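Visitor: Sequence:
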Amino acid sequence: MRGLALPFFGVLMSFNKEDLLVNIKRQAKRLSKLLTIPLGQAQEGAAICLYGCDSYSDLLVKIKAESFDNPLIALSALSPNSEIFLVKILASHLDSIIGNFEKKFPGSNINEEMVVSLFGLSFSEFKLKIST
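According to the numbering used here, the residues represented by the sequence shown are 545 to 676, in order.
Bear in mind the hints are in silico, worked out from the structure with no lab data behind them.
Possibly wrong hints are sitting among the right ones.
Below 25 Å or equal to it, Euclidean Cα-Cα: the simulated BS3-like pairs (lysine-lysine) are [to be verified]:
{"no.": "1", "residue 1": "Lys569", "residue 2": "Lys673"}
{"no.": "2", "residue 1": "Lys561", "residue 2": "Lys606"}
{"no.": "3", "residue 1": "Lys606", "residue 2": "Lys647"}
{"no.": "4", "residue 1": "Lys673", "residue 2": "Lys648"}
{"no.": "5", "residue 1": "Lys608", "residue 2": "Lys671"}
{"no.": "6", "residue 1": "Lys647", "residue 2": "Lys561"}
{"no.": "7", "residue 1": "Lys632", "residue 2": "Lys671"}
{"no.": "8", "residue 1": "Lys647", "residue 2": "Lys673"}
{"no.": "9", "residue 1": "Lys647", "residue 2": "Lys632"}
{"no.": "10", "residue 1": "Lys606", "residue 2": "Lys648"}
{"no.": "11", "residue 1": "Lys671", "residue 2": "Lys573"}
{"no.": "12", "residue 1": "Lys573", "residue 2": "Lys606"}
{"no.": "13", "residue 1": "Lys577", "residue 2": "Lys647"}
{"no.": "14", "residue 1": "Lys647", "residue 2": "Lys569"}
{"no.": "15", "residue 1": "Lys606", "residue 2": "Lys671"}
{"no.": "16", "residue 1": "Lys648", "residue 2": "Lys632"}
{"no.": "17", "residue 1": "Lys608", "residue 2": "Lys569"}
{"no.": "18", "residue 1": "Lys673", "residue 2": "Lys606"}
{"no.": "19", "residue 1": "Lys561", "residue 2": "Lys632"}
{"no.": "20", "residue 1": "Lys569", "residue 2": "Lys606"}
{"no.": "21", "residue 1": "Lys608", "residue 2": "Lys561"}
{"no.": "22", "residue 1": "Lys569", "residue 2": "Lys648"}
{"no.": "23", "residue 1": "Lys573", "residue 2": "Lys561"}
{"no.": "24", "residue 1": "Lys608", "residue 2": "Lys673"}
{"no.": "25", "residue 1": "Lys577", "residue 2": "Lys671"}
{"no.": "26", "residue 1": "Lys573", "residue 2": "Lys632"}
No experiment lies behind these values; they were computed from the predicted model shown.
Please put together the full structure from these sequences, using the hints given.
Guide: Dropping the structure here:
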């Protein structure tokens, strides 16, 4: 299976496409449970709100085509065992991601802790990682 090479902060990181797709599916399932919405709606929401894509299918096409012109796509590799730079990417975009969720899901009252949980991280773990 071919891996993706993503440039971040002058470092070339390699990720397996299939692993990224599995992570995206897990994030959508967590969002579905968090907001009590159908999985399809959660997939669309994650693609639009987390990744800045036009739709879930657009996100999948970008992952499969190795199109990483959008730095938020790197969040598809974020999991509890990820490198610190991925956590810092999330931290630097957290406010805009929350704003995206508020537009897409009015009244959901989504907050930082909820967004961080989509990646399988506890909020205390996230805070600890970004403080280093």
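Visitor: In ascending order, which of the hints set out earlier in this document are inconsistent with the structure?
Guide: The structure conflicts with hints 4, 5, 6, 8, 15, 18 and 24, although it agrees with all the remaining ones.
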